[in-house]
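**Q** Listed below, chain by chain, are the residues.
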Amino acid sequence: MVKKPKDYKEDFLHQGFDANRTDYSQRGYHLEVALNVNQVRKFAQTAYDLGFYIVFVAGLHVRPDEGQEKENSGLEVVYQFARYDQLYRIKARVSAPKSLELPTISDIYQGADWHERETRDLYGVVFDGHPNMKPLLLAEEDPDFHPLLKEEEKLKFLAEVSWPSAVPEVAKKEAEPETGR
Amino acid sequence: MLESEYQEHNRFFLNMGPQHPSTHGVLLIVLEMEGEYVLDPQPVLGFIHRMHEKMGESRPCQNFMPNTARMDYVCALPYNHGYVSLIERKAEIEVPKRAEYIRVITSELNRIASHLLWLGAYLLDLGAFTPILYGFDDREHILDILESITGSRLTYCYYRFGGVYQDIDDTFIAATRAFVKRLRKRYSIYEKLVTKNIIFIKRTENVGIVSPDMALRYGMTGPNLRGSGIAYDVRKNEPYSVYPEFDFEIPVGEQGDCLDRYMVRVKEIEQSLRIIEQALDQLPDGPIRAKVPKNIKLTPGDCNFAVEAARGELSYYLVGDGTSTPYRLKVRVPSYSNLSCLPELGRGILLPDLVSILGSFDLVIPEIDR
Numbered sequence: 006m007v008k009k010p011k012d013y014k015e016d017f018l019h020q021g022f023d024a025n026r027t028d029y030s031q032r033g034y035h036l037e038v039a040l041n042v043n044q045v046r047k048f049a050q051t052a053y054d055l056g057f058y059i060v061f062v063a064g065l066h067v068r069p070d071e072g073q074e075k076e077n078s079g080l081e082v083v084y085q086f087a088r089y090d091q092l093y094r095i096k097a098r099v100s101a102p103k104s105l106e107l108p109t110i111s112d113i114y115q116g117a118d119w120h121e122r123e124t125r126d127l128y129g130v131v132f133d134g135h136p137n138m139k140p141l142l143l144a145e146e147d148p149d150f151h152p153l154l155k156e157e158e159k160l161k162f163l164a165e166v167s168w169p170s171a172v173p174e175v176a177k178k179e180a181e182p183e184t185g186r
Numbered sequence: 002m003l004e005s006e007y008q009e010h011n012r013f014f015l016n017m018g019p020q021h022p023s024t025h026g027v028l029l030i031v032l033e034m035e036g037e038y039v040l041d042p043q044p045v046l047g048f049i050h051r052m053h054e055k056m057g058e059s060r061p062c063q064n065f066m067p068n069t070a071r072m073d074y075v076c077a078l079p080y081n082h083g084y085v086s087l088i089e090r091k092a093e094i095e096v097p098k099r100a101e102y103i104r105v106i107t108s109e110l111n112r113i114a115s116h117l118l119w120l121g122a123y124l125l126d127l128g129a130f131t132p133i134l135y136g137f138d139d140r141e142h143i144l145d146i147l148e149s150i151t152g153s154r155l156t157y158c159y160y161r162f163g164g165v166y167q168d169i170d171d172t173f174i175a176a177t178r179a180f181v182k183r184l185r186k187r188y189s190i191y192e193k194l195v196t197k198n199i200i201f202i203k204r205t206e207n208v209g210i211v212s213p214d215m216a217l218r219y220g221m222t223g224p225n226l227r228g229s230g231i232a233y234d235v236r237k238n239e240p241y242s243v244y245p246e247f248d249f250e251i252p253v254g255e256q257g258d259c260l261d262r263y264m265v266r267v268k269e270i271e272q273s274l275r276i277i278e279q280a281l282d283q284l285p286d287g288p289i290r291a292k293v294p295k296n297i298k299l300t301p302g303d304c305n306f307a308v309e310a311a312r313g314e315l316s317y318y319l320v321g322d323g324t325s326t327p328y329r330l331k332v333r334v335p336s337y338s339n340l341s342c343l344p345e346l347g348r349g350i351l352l353p354d355l356v357s358i359l360g361s362f363d364l365v366i367p368e369i370d371r
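One line per chain: the protein sequences are A and B, in this order.
Just so we're aligned, residue 6 is where the first sequence starts under the numbering used here, counting upward by one.
Just so we're aligned, residue 2 is where the second sequence starts under the numbering used here, counting upward by one.
Quick caveat, the hints were computed from the structure, so don't treat them as lab data.
Be careful, since some hints might not be right.
DSSO-like, lysine-lysine: derived pairs with alpha carbons at most 27 Å apart [to be verified]:
#1 B:Lys268 <-> B:Lys186
#2 A:Lys11 <-> B:Lys237
#3 A:Lys155 <-> B:Lys55
#4 A:Lys139 <-> B:Lys55
#5 B:Lys182 <-> B:Lys98
#6 A:Lys159 <-> B:Lys295
#7 B:Lys98 <-> B:Lys295
#8 B:Lys298 <-> B:Lys98
#9 A:Lys155 <-> B:Lys298
When you get a sec, could you build the whole thing from the sequences and use the hints?
**A** Set out below in structure tokens:
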């Protein structure tokens, strides 16, 4: 039977990750974690130690924020983890640097192996330290063809495809008059 | 290793597939062999890759519906279910109760059809010809029932945002009840023919043991996971649709070998029948489709929806940008993660055991390749 649900936000905050609770009924996951490149492996290790299983690794192509075109490639990688013993889903997101290199987690979660190869196929993000970074779904003859990269005019900023951030929420609260309670 | 050393150790490479009967589709597995032992099996994917995810983000969301059934053609309705539920969650559409009941009934029928097909095909892999004839006989009844309301026999496109395409009638209900009765009578046939068969047990017991830790590292789900003793089923763990209203159990195995995975699926057929019976008994009256705007706007932000397909957890992950076309649509399919453990699981085993393991995983290749 499903035991009493536990919230894992504190566990991740404790390890120094930027973790935020989300509205499950709206988004379908409970915790959102924003990672930087150096945290990816530590995050995967933490998730593994806490007993999460890997759901998927996927890419997302957005337009880099203005003024950051030099450092930011616009490629985001999304990791999702969940639990077998209770309902709890985590989404973690990391921006790939201009070099398009991210550390692999395929030695922690072997299941990430294929997901990372697929992400390289479709987006061109290379996973550093991966034992076998060859095309998986696409043909080996043309490793530089990445079908899910969007055309320039179809690209949108990350803020345009994200939920309204917490900042306007606070502003809204301040703007609303206190209802006497 | 040098070629001479290879010959000395009796080592060679063997291509299993893409036209091999036990790969169940166009899957190639490159086997490094030493005599009859497999040293390193490496699956080669992508022979029928169609880039469904690109199609998903290049057309309005309702136009993607037919694609969902073409990923897993054996158990298409849960794929329909996951996609419509995803859009309904994103666009906050309320679904009438009757529609959800119809979805559950048809999804469970489809799950049984998938398990019956798997049962026949698996036994065929192991060298038993007869069970597939019985399995297909029973499955044919389900296909007829589903054809009467969905209009197709395999790649269904029956669910709609906010409901289903058309209502079920008394003929459908009577045929489904008759089928439930019929299949229960057939259990003893399957048991005599397969479950108690000594050759079958010898081929599956203690073969391909998946430990709970291994399942976690690879993200395995579905009957393949439950065979290892973990009672994880999205229908119970992350209840969606009207599944919480039904009384059913999650069968689990003990040690995670091929026999456990077989037993889990066979027991699941009975659980699906129980769900169908309860759903038919409690079927509410009312509309089968909510009023839904013609152009559904997907608000900015991401959203995930998971359902239990016949092979495990199917997750749709959508990123909206305010238009009716998804900005990104990721489909997480169960067989992809399930198969990815093969290089570890298949190291150092006999070639016939590899055939047994592959069959017990219940692979559907179009789903893996997408």
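**Q** Hint by hint, say whether it matches the structure.
**A** Hints and how they fare:
1. At roughly 14 Å between alpha-carbon atoms, Lys268 of chain B and Lys186 of chain B fall within 27 Å of each other, so this suggested pair holds.
2. Taking the CA atoms of Lys11 of chain A and Lys237 of chain B, the gap is about 17 Å. The hint holds against a cut of 27 Å.
3. For the given pair, Lys155 of chain A sits about 10 Å from Lys55 of chain B by alpha-carbon distance, which is consistent with the 27 Å threshold.
4. Proximity of Lys139 of chain A to Lys55 of chain B is assessed by CA-CA distance (about 21 Å); at most 27 Å being required, the pair is judged to hold.
5. Under the criterion of a C-alpha separation no larger than 27 Å, the hint pairing Lys182 of chain B with Lys98 of chain B is consistent with the structure, at around 26 Å.
6. Our distance criterion of 27 Å between C-alpha atoms is met by Lys159 of chain A and Lys295 of chain B, whose separation comes to about 23 Å.
7. With a C-alpha separation of about 21 Å, the suggested pairing of Lys98 of chain B with Lys295 of chain B holds against the 27 Å cut-off.
8. Distance restraint check for Lys298 of chain B and Lys98 of chain B: the Cα-Cα separation of roughly 24 Å lies within the 27 Å cut-off, and the hinted pair is therefore satisfied.
9. Under the criterion of a C-alpha separation no larger than 27 Å, the hint pairing Lys155 of chain A with Lys298 of chain B is consistent with the structure, at around 20 Å.
No hint from the list above goes unmet by this structure.
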